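Trainee: Each chain, written out:
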Amino acid sequence: MTWIQKLLPPKLKTTAGKETSVKRSIPEGLWMKCPACEATLYTSDVEKNANVCPKCSHHNRLRARARLDLLLDPEGRFEIGSEVLPVDPLKFKDSKRYTERLNGANDDTGEYDAMVVLQGAVKTIPLVVACFEFEFLGGSMGSVVGERFVRGVRTALEQRLPFLCITSSGGARMQEGLFSLMQMAKTTAALTLLARARLPFITLLADPTMGGVSASFAFMGDVVLAEPGALIGFAGPRVIEQTVRETLPEGFQRSEFLLEKGAIDLIVDRRELRDTLAGLLALLQKQPSPAS
Amino acid sequence: MKTTFLDFEQPIAELEAKIEELRFVQDDSAVDISDEIGRLETKSQALTKELYAKLSPWQIAQVARHGQRPYTLDYCQQIFTDFVELHGDRAFADDHAIVGGMARFNGQSCMVIGHQKGRDTKEKIFRNFGMPRPEGYRKALRLMRLAEKFGLPIFTFVDTPGAYPGVDAEERGQSEAIGRNLFEMAELKVPILCTIIGEGGSGGALAIAVGDTVLMLQYATYSVISPEGCASILWKSAEKAGDAAEILGITAARLKSLGLIDRVVNEPLGGAHRDVRGVAMSLKRALQEALRQVSELSPAELVEKRIERLMEYGRYKEQPVS
Numbered sequence: 128m129t130w131i132q133k134l135l136p137p138k139l140k141t142t143a144g145k146e147t148s149v150k151r152s153i154p155e156g157l158w159m160k161c162p163a164c165e166a167t168l169y170t171s172d173v174e175k176n177a178n179v180c181p182k183c184s185h186h187n188r189l190r191a192r193a194r195l196d197l198l199l200d201p202e203g204r205f206e207i208g209s210e211v212l213p214v215d216p217l218k219f220k221d222s223k224r225y226t227e228r229l230n231g232a233n234d235d236t237g238e239y240d241a242m243v244v245l246q247g248a249v250k251t252i253p254l255v256v257a258c259f260e261f262e263f264l265g266g267s268m269g270s271v272v273g274e275r276f277v278r279g280v281r282t283a284l285e286q287r288l289p290f291l292c293i294t295s296s297g298g299a300r301m302q303e304g305l306f307s308l309m310q311m312a313k314t315t316a317a318l319t320l321l322a323r324a325r326l327p328f329i330t331l332l333a334d335p336t337m338g339g340v341s342a343s344f345a346f347m348g349d350v351v352l353a354e355p356g357a358l359i360g361f362a363g364p365r366v367i368e369q370t371v372r373e374t375l376p377e378g379f380q381r382s383e384f385l386l387e388k389g390a391i392d393l394i395v396d397r398r399e400l401r402d403t404l405a406g407l408l409a410l411l412q413k414q415p416s417p418a419s
Numbered sequence: 005m006k007t008t009f010l011d012f013e014q015p016i017a018e019l020e021a022k023i024e025e026l027r028f029v030q031d032d033s034a035v036d037i038s039d040e041i042g043r044l045e046t047k048s049q050a051l052t053k054e055l056y057a058k059l060s061p062w063q064i065a066q067v068a069r070h071g072q073r074p075y076t077l078d079y080c081q082q083i084f085t086d087f088v089e090l091h092g093d094r095a096f097a098d099d100h101a102i103v104g105g106m107a108r109f110n111g112q113s114c115m116v117i118g119h120q121k122g123r124d125t126k127e128k129i130f131r132n133f134g135m136p137r138p139e140g141y142r143k144a145l146r147l148m149r150l151a152e153k154f155g156l157p158i159f160t161f162v163d164t165p166g167a168y169p170g171v172d173a174e175e176r177g178q179s180e181a182i183g184r185n186l187f188e189m190a191e192l193k194v195p196i197l198c199t200i201i202g203e204g205g206s207g208g209a210l211a212i213a214v215g216d217t218v219l220m221l222q223y224a225t226y227s228v229i230s231p232e233g234c235a236s237i238l239w240k241s242a243e244k245a246g247d248a249a250e251i252l253g254i255t256a257a258r259l260k261s262l263g264l265i266d267r268v269v270n271e272p273l274g275g276a277h278r279d280v281r282g283v284a285m286s287l288k289r290a291l292q293e294a295l296r297q298v299s300e301l302s303p304a305e306l307v308e309k310r311i312e313r314l315m316e317y318g319r320y321k322e323q324p325v326s
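These protein sequence lines map, in sequence, to chains A and B.
Start counting the first sequence at 128; every next residue gets the next number (this note's numbering).
Start counting the second sequence at 5; every next residue gets the next number (this note's numbering).
Hints may be right or wrong, so weigh each one.
[What the hints assert, rightly or not] Using 25 Å as the maximum straight-line C-alpha spacing, the simulated DSS-like pairs for lysine-lysine come out as follows:
no., chain 1, residue 1, chain 2, residue 2
1, A, K223, B, K244
2, B, K309, B, K321
3, A, K223, B, K240
4, B, K321, A, K218
5, B, K153, B, K193
6, A, K175, A, K250
7, B, K260, B, K153
8, A, K220, B, K321
9, A, K223, B, K321
10, A, K175, A, K160
11, B, K309, A, K218
12, B, K58, A, K220
13, B, K47, B, K22
14, A, K218, B, K22
15, B, K260, B, K288
16, B, K22, A, K220
17, A, K218, B, K153
18, B, K260, A, K218
Hints listed in this document are in silico derivations from the structure and should not be mistaken for laboratory results.
On a predicted model such as this, the values are computed, not experimentally measured, just so you know.
With the rest of the complex left out, here is chain A:
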């Protein structure tokens, strides 16, 4: 106890305590602190800036539909594969049933599974985009993600369109057991058809891209892009730390690290993605450069 606390009568101490708790109860969501530079920011400013910190350009995670909304032209969007819905093939139950977890994730996100596939255009260049929803069970890949991905590929094949996949996933979905592991083989097999048809496949790796998603189609892109500061790797940092029993180097498994190691082509700021992507797609398809 400090000398001033000793001097204060007990009653005053409790009021002082209450006062701080009142101070903390600022209406939630109005302000936010940037997790990288710790600047206090208006949430609306960050949201208007594609969820990127206006001060330090830290890329916060973005919901799938918000991301697609920012990326695609407003006209001519069609959703693909929304009719594909999850089941519980193993009757999986730990502290909760898998079906309960699915329902909970649906309540939280409004999605039925962890992937949204849209046909649309970026600066008038048509394409199919498959985007992971990380908020739905960690963006984990189970049967529905695999099937929606494949249906997206099939649409791209039928209409001769390029295919983009934006990843944000913890890996394969445990609750569907080996069915999930097989989605790695399934999605990657579908890509051989795109390659045969000479249709571009581009991946954009967002935070995080790990495990079974990282180790299947993520690095099979003709061009592999990543968002700044995204965690990308096969094994999670904690698993690696436990295995090698040493602390990991600074920036390990981040986009910048991967670029340095030669694992990815390019790091793209989210606010420049439309331009970069349209430019790349035009080059790959031998089209004139898109209007800026």
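With the hints as your guide, set chain B onto chain A.
Mentor: Only chain B this time, still in chain A's reference frame:
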């Protein structure tokens, strides 16, 4: 070699120890105790049968990881002839957790690739406990391309806890190496016959297990995550691995019933390590049959069929969403 016993096999171990003891005394004993030995041997057999008739998935996982279980090079010796091991990925190193080379299967040239674990501590470290780094998968891919060039069928043997989760492996692109194999194996123009012989540990296993037929030994396991890993995520405790093994559905019988593997190859009583020759011969017959089936297809048909099959994996329902 003396059989080592797993924890749940302790009753068998005790009987076997007794038999051993009696055999030792028999040599300088006036009384004939061979009847007694015979009686105990029958009892041990019956007990093994009883235990193995109702193994839990977690117990099966223990058998799959048994220190005496035959590994890829053991099957290589039993099933193939003229094996020539080939080394290196031509870019970085030779990974010892994956072995591969050319051989003959019933006289016919082929490629053999598999994970390799070690027996004693020194060899375990040399083999990195059967956990490959990217160069291992790249070596495997190089050998598969070689097989394709000369029209040789490929046999793969899967037995790994998983791909190595290390700093160097990440730096050299573990994810890319695995993904590349999945991609290339999907359209390789020669038959690929895969067998899960021990542990089928997640992506590290799948990276050499994409093929036209997937066989699995009776007491092998194949899983998206290790039971320990699953338990530590779901219950924050690796102690619950038994429960995790149960719900994950990792055994050959379960995976066969789910349609995720093609055929279960039975093992001798007490597991493959009790009779290596026996299990190798059963596996050889199953591989012969599998090879005969895919050999009838043209390379184009083979690839079409494989890709179609791969693209059908998964369980989901379909209904329009409003």
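Trainee: Please verify whether K175 of chain A and K160 of chain A have alpha carbons no more than 25 Å apart.
Mentor: holds (16 Å)
Trainee: Would the hint linking K58 of chain B and K220 of chain A be met if the CA-CA limit is 25 Å?
Mentor: It holds: about 22 Å lies between the C-alpha atoms, which stays within 25 Å.
Trainee: Is the Cα-Cα distance between K309 of chain B and K218 of chain A 25 Å or less?
Mentor: violated (30 Å)
Trainee: Are the Cα positions of K223 of chain A and K244 of chain B separated by 25 Å at most?
Mentor: Holds. K223 of chain A to K244 of chain B sits at ~15 Å (cutoff 25 Å).
Trainee: Is the hinted pair K47 of chain B and K22 of chain B satisfied, with a Cα-Cα distance of at most 25 Å?
Mentor: holds (12 Å)
Trainee: Under the criterion that the straight-line Cα-Cα distance not exceed 25 Å, is the pair K260 of chain B, K288 of chain B satisfied?
Mentor: holds (19 Å)
Trainee: With a cut-off of 25 Å on the C-alpha distance, tell me whether K175 of chain A and K250 of chain A pass.
Mentor: holds (20 Å)
Trainee: Are K260 of chain B and K153 of chain B close enough, with their CA atoms no more than 25 Å apart?
Mentor: violated (33 Å)
Trainee: Under the criterion that the straight-line Cα-Cα distance not exceed 25 Å, is the pair K218 of chain A, K153 of chain B satisfied?
Mentor: violated (44 Å)
Trainee: K153 of chain B and K193 of chain B were given as a pair; does the straight-line alpha-carbon distance stay at or below 25 Å?
Mentor: With Cα atoms ~9 Å apart, K153 of chain B and K193 of chain B stay inside 25 Å; holds.
Trainee: K223 of chain A and K321 of chain B: Cα distance at most 25 Å?
Mentor: holds (21 Å)
Trainee: Could you grab the alpha-carbon distance between K220 of chain A and K321 of chain B and see if it respects the 25 Å cut-off?
Mentor: holds (20 Å)
Of the hints listed earlier, those the structure fails to meet are numbers 7, 11, 14, 16 and 17, in rising order.
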